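Chains as they are written, first to last, in the numbering used here: chain E, 8 to 223; chain U, 8 to 223; chain B, 8 to 223; chain H, 8 to 223.
None of these hints come from the bench; they were simulated from the model.
Fair warning: this is a prediction, and the values are worked out from it, not measured in the lab.
Think of the CB as a built atom: it goes at the ideal place given N, C-alpha and C, for glycine as much as any other residue.
It cannot be assumed that every hint is accurate.
Stated by the list, open to error - Far from chain H, by Cβ distances over 12 Å, these chain B residues were calculated:
(1) G26
(2) A64
(3) A80
(4) N98
(5) R181
(6) L183
(7) A204
Claimed, not checked - Distance condition first, Cα-Cα at most 30 Å in a straight line; then the derived BS3-like pairs of lysine-lysine:
(8) U:K28 <-> E:K97
(9) E:K67 <-> H:K97
(10) U:K67 <-> B:K97
(11) B:K212 <-> B:K67
(12) E:K28 <-> E:K67
(13) E:K212 <-> E:K28
(14) E:K175 <-> U:K15
Given next are the chains, with one letter for each unit.
Number of protein chains: 4
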Amino acid sequence: MSELDIYKQQGFGNRSGFGNKPALVIVDFVNGFNDPTAFGGGNIPEAIAQTAILLAACRKHGVPVAYTRVVYADDGSDHGVFCLKAPSLKNLTETSPLSQVVPELEPQRGEYILRKTQPSAFFGTNFTNWLTSNGIDTLLVTGCTTSGCVRATVIDSMSSNFRTIVVKDGVGDRALGPHEANLFDMEQKYADLMTTAEIVAHLEKSSKPVRTAAKR
Amino acid sequence: MSELDIYKQQGFGNRSGFGNKPALVIVDFVNGFNDPTAFGGGNIPEAIAQTAILLAACRKHGVPVAYTRVVYADDGSDHGVFCLKAPSLKNLTETSPLSQVVPELEPQRGEYILRKTQPSAFFGTNFTNWLTSNGIDTLLVTGCTTSGCVRATVIDSMSSNFRTIVVKDGVGDRALGPHEANLFDMEQKYADLMTTAEIVAHLEKSSKPVRTAAKR
Amino acid sequence: MSELDIYKQQGFGNRSGFGNKPALVIVDFVNGFNDPTAFGGGNIPEAIAQTAILLAACRKHGVPVAYTRVVYADDGSDHGVFCLKAPSLKNLTETSPLSQVVPELEPQRGEYILRKTQPSAFFGTNFTNWLTSNGIDTLLVTGCTTSGCVRATVIDSMSSNFRTIVVKDGVGDRALGPHEANLFDMEQKYADLMTTAEIVAHLEKSSKPVRTAAKR
Amino acid sequence: MSELDIYKQQGFGNRSGFGNKPALVIVDFVNGFNDPTAFGGGNIPEAIAQTAILLAACRKHGVPVAYTRVVYADDGSDHGVFCLKAPSLKNLTETSPLSQVVPELEPQRGEYILRKTQPSAFFGTNFTNWLTSNGIDTLLVTGCTTSGCVRATVIDSMSSNFRTIVVKDGVGDRALGPHEANLFDMEQKYADLMTTAEIVAHLEKSSKPVRTAAKR
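Given only the sequences and the hints, what does the whole structure look like? Please build it.
Below you can see the structure in the form of structure tokens.
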């Protein structure tokens, strides 16, 4: 029996669907993660290009947008276990070029910038209450890495009861094996996978997005 | 360049080490996850057997022990997105045999039982404050599935700044591809991997465990 | 200058208003808090009577309802600092009559029962994600004590960006000084105060409640 | 029966005690809260003066120090319900003089600065994991206002199972009625009250502070 068959037989892999009010979160698409000599590589450049298309559509249709940046204190006062596992994270500080959102996705005034020190966009941040404040029921996730901060964000998004959609071609990773493995895990258990084109089409169908899939 | 080389070159994969005061969490080793016709299969039985050895050592050395169970309300009042992705989770209720800790790991009086509805042992629970209350700095993680609730628990443990150790032979999964892929991700970014034998030896060395590895 | 004048001059005491989709939370109206020889007394019986009226209206208009109970483990495995400050809390266990919802407010099937060990209904629970799952933007708070678990719940509700309404005659306390002092603090900084009659009238005006007050 | 008698009879008002490893948090002692034309007044200046004494002692004895600042985005992207209740909070931005720590308590390199948008130092921040990272079991709380962000921080500190000590003369409020009422509530249910002099004496007794009071 294939792995996919095992999951299917045990009742995983259903769709949670697209709700009524989505937001877009762009996870860690900062210069350092688009630089193979820092934390980048793999298919991250292509994922940024797709995210630029989705970002334009979200702005057009009034979908709220949030960006995450990894930001540690210059003086190391907030370094923790993550910096033991990956000490080079300490280079991501407020003013470091490595920690600025990539120029292709330059944030606009009023879009929400989240600073974080841990993998998930939800951990130790006000992201949940920003989503509540905006009446969001569905979170579209792009960014990098698929096997790192995207995966962590997706688990917390689902756990917070937001219908969660991983933008399949809008997430990237420095290495393709973990990228694929994590897409599999997320689709089976936490999120639906949709392409940029499918989501743009969904947003186009109505300026007020409509519920399509699973009922709850 | 191999995937491992990419991670090494970018500064991942260091050890966070063993602190001074560990606790053990046993994630979702309940009957339903030890039954291939429910959520089980793969190498889960072997992982339970190893966890029984580690549990005995933890009890001997006074290491606090916590267990997680997935428990949903009988009347469905707490069903959410996770139950859309995997509707069979709804069968895990307070009195269902599927949701009782496996007999090999029967909890003792005074050990902590966590009820949860989401993947991570930390999400929507009092686990962090139980760890604080016990002065814990290091979390040993066994349980299942490696690619599901173990991974989610490990991310939150590391994010909470507990040195996190995945018991390599004490975690199991219904399918071995995701098991291996998630061990790779966790070792590179979030946790150290140690075998049951290595941890038992470490606990034996001193009734008061001593710090061995990385400095902070 | 009176205390109220100081708050007014500094810009506090505005209304946050009633949103589009309210839920009701009934905090700790369990037998032990309606018994002056346990944790009760003061104006708690009157607040329970008013809450019964509001509960009936919420059920009629489809407003989701949650109840909190303080529940500690029989074996003390989850006792913490709160039990040092008030050791008699340890008597509130799953099966203790003290910890059952009062008969006047008997929960119905499908209403959400939250077990908690800390003052706030949000701390260490899945309350936020239950609210998200129901698309809630406004939380109506009744229960006891005003100066304890109600106040703690109200701070977290506001912090989570739910418009928060304290039901002025639906909250009670064992002692009236703290009751009044905490109503003052909550109205100035965190929540609007409304009477049961005002809220019932608001719900009556429309089966789909309409936004009345402050814009955001 | 007096209010104090009611609390005593019901088992409240015990001491949780001083643990082995304290940290100090200084809540919102920023210029805007030391200015009666902004958010200040009352006994806040005296509380700052006492906190300066305690801060010096903490630095001398190696007690980790954290400061909170209320910081909202310049573009309003993170405004929420708190800004509806008190719109003047919006003036507290990263570079506003109102939002800088008062000169008497100038942070030193390596001390932890927490930016927050909600009352509690714990809400939407990494404060819990900073405390974990430092092995803290006891939190000393100074700052303002007693009836606002101090109270909210104290509830979360106790809920997180840190032994919590409110520095009685190191917390201040714009109005003395709420100041006194909240000291009463906190002492009865959440925290011990100690003066600056008592805490300094406790720290002096040993460079490695020793446990004094309640056992758990």
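Comparing the hints with the structure gives:
At roughly 10 Å from the closest C-beta of chain H, the C-beta of G26 of chain B falls inside 12 Å, breaking its exclusion from the interface. In this structure A64 of chain B is separated from chain H by more than 12 Å, as the shortest Cβ-Cβ distance comes to about 24 Å. Distance to chain H confirms A80 of chain B as a non-interface residue, since its nearest Cβ pair spans about 15 Å, more than 12 Å. At the 12 Å boundary, the C-beta of N98 of chain B falls inside the reach of chain H, the nearest C-beta of that chain being 9 Å off.
With a closest Cβ-Cβ approach of about 6 Å to chain H, R181 of chain B is found to fall inside the 12 Å limit, against its non-interface label. Remark: the non-interface label on L183 of chain B conflicts with the geometry, its nearest Cβ contact in chain H lying 8 Å away (cut-off 12 Å). For A204 of chain B, the non-interface assignment is confirmed: its Cβ lies about 23 Å from the closest Cβ of chain H, beyond the 12 Å cut-off. In summary, the hint linking K28 of chain U to K97 of chain E is supported, as the alpha carbons are separated by about 26 Å, within the 30 Å threshold.
This hinted pair checks out: K67 of chain E and K97 of chain H have alpha carbons roughly 28 Å apart, not beyond 30 Å. Taking the CA atoms of K67 of chain U and K97 of chain B, the gap is about 28 Å. The hint holds against a cut of 30 Å. Pair hint K212 of chain B plus K67 of chain B holds up; C-alpha atoms about 13 Å apart against a cutoff of 30 Å. Annotation: proposed proximity of K28 of chain E to K67 of chain E holds, straight-line Cα distance about 14 Å (limit 30 Å).
Under the criterion of a C-alpha separation no larger than 30 Å, the hint pairing K212 of chain E with K28 of chain E is consistent with the structure, at around 14 Å. Between the alpha carbons of K175 of chain E and K15 of chain U the distance comes to roughly 26 Å, so the proposed pair stays at or under 30 Å and holds.
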